[in-house]
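**Student:** All residue numbers for the sequence shown refer to the numbering used here, where the first residue is 2 and numbers rise by one.
These aren't lab readings, by the way, just hints derived from the structure by calculation. Everything numeric in this text was worked out from a predicted model, so none of it was measured. A virtual CB, placed ideally from N, CA and C, is assigned to each residue, including glycine. Certain hints may be false.
[As the list claims (entries may be wrong)] Derived DEER-like restraints, expressed as beta-carbon distance ranges:
1. Ser78 - Asp22: 13 to 21 Å
2. Lys115 - Gly28: 29 to 37 Å
3. Gln40 - Asp14: 34 to 42 Å
4. Arg63 - Ser86: 36 to 44 Å
5. Thr99 - Asp17: 28 to 36 Å
6. Gly11 - Ser43: 32 to 40 Å
[Claimed, not checked] Subject to a maximum C-alpha distance of 25 Å in a straight line, what follows is the list of computed BS3-like cross-link-like pairs (lysine-lysine):
7. Lys3 - Lys115
8. Lys3 - Lys103
9. Lys103 - Lys20
10. Lys92 - Lys3
11. Lys92 - Lys115
12. Lys92 - Lys45
13. Lys20 - Lys92
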Amino acid sequence: MKCIELNSVGDFDRWDQAKLDELRNLGKNQSGPDNVIYQNQSYKLSFFGLEPYERLPFRIMRNSFDLICLSGGLAISSFSNGGISLIMYDKGEHVHHTLGTKEYIHDVQNIGRKPLVMAIIEYSADQELVEI
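Let's have the full structure, built from the sequences with the hints guiding it.
**Tutor:** Set out below in C-alpha coordinates:
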(Lines of atoms letter the chains of each structure in order from A; the text may use other names.)
(Lines give C-alpha, C1' and ligand atoms only; values in the text may rest on other atoms or scores of the structure.)
Protein backbone atom coordinates (compact mmCIF):
# COMPACT_ATOMS: atom_id res chain seq x y z
CA MET A 2 0.00 0.00 0.00
CA LYS A 3 1.28 3.40 -0.93
CA CYS A 4 -0.17 6.34 0.97
CA ILE A 5 0.15 10.04 0.12
CA GLU A 6 -1.04 12.65 2.63
CA LEU A 7 -3.35 15.15 0.91
CA ASN A 8 -4.43 17.06 4.01
CA SER A 9 -2.69 17.41 7.36
CA VAL A 10 -4.00 16.10 10.65
CA GLY A 11 -5.95 18.83 12.46
CA ASP A 12 -6.67 20.84 9.30
CA PHE A 13 -10.39 20.89 8.53
CA ASP A 14 -10.29 24.17 6.53
CA ARG A 15 -10.56 22.45 3.12
CA TRP A 16 -13.15 19.90 4.18
CA ASP A 17 -16.51 19.88 2.43
CA GLN A 18 -19.32 20.97 4.81
CA ALA A 19 -21.36 17.83 4.02
CA LYS A 20 -18.50 15.59 5.22
CA LEU A 21 -18.05 17.66 8.37
CA ASP A 22 -21.78 17.33 9.12
CA GLU A 23 -21.68 13.58 8.45
CA LEU A 24 -18.74 13.19 10.82
CA ARG A 25 -20.43 15.28 13.56
CA ASN A 26 -23.65 13.27 13.26
CA LEU A 27 -21.96 9.87 13.23
CA GLY A 28 -23.73 7.61 15.71
CA LYS A 29 -21.54 6.17 18.46
CA ASN A 30 -23.01 2.72 17.73
CA GLN A 31 -22.21 2.87 14.02
CA SER A 32 -19.25 0.65 13.31
CA GLY A 33 -17.46 -1.24 10.60
CA PRO A 34 -18.82 -2.57 7.31
CA ASP A 35 -22.36 -3.94 7.43
CA ASN A 36 -21.86 -6.85 5.04
CA VAL A 37 -20.65 -9.50 7.49
CA ILE A 38 -19.94 -12.89 5.90
CA TYR A 39 -18.96 -14.76 9.05
CA GLN A 40 -18.73 -13.92 12.74
CA ASN A 41 -17.82 -15.79 15.91
CA GLN A 42 -16.51 -14.80 19.36
CA SER A 43 -12.98 -14.21 18.05
CA TYR A 44 -13.40 -12.34 14.78
CA LYS A 45 -15.75 -10.95 12.17
CA LEU A 46 -15.17 -11.28 8.41
CA SER A 47 -16.74 -8.60 6.19
CA PHE A 48 -16.24 -7.40 2.68
CA PHE A 49 -17.23 -4.43 0.60
CA GLY A 50 -17.05 -3.47 -3.03
CA LEU A 51 -17.13 0.06 -4.39
CA GLU A 52 -17.85 0.94 -7.98
CA PRO A 53 -15.75 3.75 -9.53
CA TYR A 54 -16.32 7.00 -7.60
CA GLU A 55 -18.62 5.29 -5.09
CA ARG A 56 -18.05 6.24 -1.44
CA LEU A 57 -18.50 4.33 1.81
CA PRO A 58 -19.59 6.80 4.55
CA PHE A 59 -17.71 7.34 7.80
CA ARG A 60 -17.41 4.27 9.99
CA ILE A 61 -16.04 3.63 13.46
CA MET A 62 -13.63 0.74 13.89
CA ARG A 63 -13.07 -0.14 17.57
CA ASN A 64 -11.09 -3.37 17.30
CA SER A 65 -7.84 -4.21 15.59
CA PHE A 66 -8.34 -5.38 12.03
CA ASP A 67 -6.71 -6.66 8.87
CA LEU A 68 -7.64 -5.18 5.51
CA ILE A 69 -7.05 -7.26 2.38
CA CYS A 70 -7.46 -5.67 -1.05
CA LEU A 71 -8.91 -8.28 -3.39
CA SER A 72 -8.86 -6.13 -6.53
CA GLY A 73 -6.16 -3.48 -6.30
CA GLY A 74 -7.15 0.12 -6.83
CA LEU A 75 -7.02 3.75 -5.87
CA ALA A 76 -8.95 5.38 -3.00
CA ILE A 77 -9.19 8.56 -0.96
CA SER A 78 -9.86 8.23 2.75
CA SER A 79 -10.76 11.02 5.17
CA PHE A 80 -10.10 10.56 8.89
CA SER A 81 -11.79 12.03 11.97
CA ASN A 82 -8.53 13.81 12.88
CA GLY A 83 -8.68 15.95 9.70
CA GLY A 84 -6.19 13.93 7.69
CA ILE A 85 -6.99 12.93 4.11
CA SER A 86 -4.92 10.35 2.25
CA LEU A 87 -4.64 9.05 -1.28
CA ILE A 88 -4.15 5.28 -1.02
CA MET A 89 -2.91 2.96 -3.78
CA TYR A 90 -3.55 -0.74 -3.18
CA ASP A 91 -2.02 -3.66 -5.05
CA LYS A 92 -4.18 -6.75 -5.61
CA GLY A 93 -3.81 -9.13 -2.67
CA GLU A 94 -2.17 -6.53 -0.45
CA HIS A 95 -2.69 -6.87 3.30
CA VAL A 96 -2.56 -4.09 5.92
CA HIS A 97 -2.88 -4.59 9.68
CA HIS A 98 -4.21 -1.90 12.06
CA THR A 99 -3.72 -2.36 15.82
CA LEU A 100 -6.13 -0.08 17.66
CA GLY A 101 -5.84 -0.96 21.35
CA THR A 102 -8.14 1.53 23.11
CA LYS A 103 -8.32 3.96 20.17
CA GLU A 104 -11.12 4.32 17.63
CA TYR A 105 -10.44 4.51 13.90
CA ILE A 106 -13.00 6.73 12.16
CA HIS A 107 -12.75 7.12 8.39
CA ASP A 108 -14.56 6.99 5.08
CA VAL A 109 -13.32 5.60 1.79
CA GLN A 110 -14.03 6.54 -1.81
CA ASN A 111 -12.97 4.57 -4.85
CA ILE A 112 -11.42 7.07 -7.27
CA GLY A 113 -10.21 4.44 -9.71
CA ARG A 114 -11.76 3.32 -12.99
CA LYS A 115 -12.46 -0.24 -11.81
CA PRO A 116 -14.36 -1.67 -8.82
CA LEU A 117 -12.46 -1.71 -5.52
CA VAL A 118 -13.07 -4.87 -3.46
CA MET A 119 -11.84 -5.27 0.13
CA ALA A 120 -12.13 -7.89 2.87
CA ILE A 121 -11.86 -6.95 6.55
CA ILE A 122 -11.08 -9.28 9.44
CA GLU A 123 -11.98 -7.49 12.68
CA TYR A 124 -10.71 -9.14 15.88
CA SER A 125 -12.54 -9.22 19.20
CA ALA A 126 -11.00 -6.88 21.79
CA ASP A 127 -9.64 -9.81 23.82
CA GLN A 128 -8.53 -11.90 20.83
CA GLU A 129 -4.80 -12.38 20.30
CA LEU A 130 -3.97 -11.35 16.75
CA VAL A 131 -2.85 -14.00 14.32
CA GLU A 132 -0.38 -13.23 11.54
CA ILE A 133 -1.95 -13.96 8.15
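**Student:** Next, verify each hint and record whether it holds.
**Tutor:** Results of checking the hints against the structure:
no., hint, verdict
1, Ser78 - Asp22: 13 to 21 Å, "holds, 18 Å"
2, Lys115 - Gly28: 29 to 37 Å, "holds, 32 Å"
3, Gln40 - Asp14: 34 to 42 Å, "holds, 40 Å"
4, Arg63 - Ser86: 36 to 44 Å, "violated, 21 Å"
5, Thr99 - Asp17: 28 to 36 Å, "holds, 30 Å"
6, Gly11 - Ser43: 32 to 40 Å, "holds, 36 Å"
7, Lys3 - Lys115, "holds, 18 Å"
8, Lys3 - Lys103, "holds, 23 Å"
9, Lys103 - Lys20, "holds, 22 Å"
10, Lys92 - Lys3, "holds, 12 Å"
11, Lys92 - Lys115, "holds, 12 Å"
12, Lys92 - Lys45, "holds, 22 Å"
13, Lys20 - Lys92, "violated, 29 Å"
Hints 4, 13 from the earlier list are contradicted by this structure; the remaining hints agree with it.
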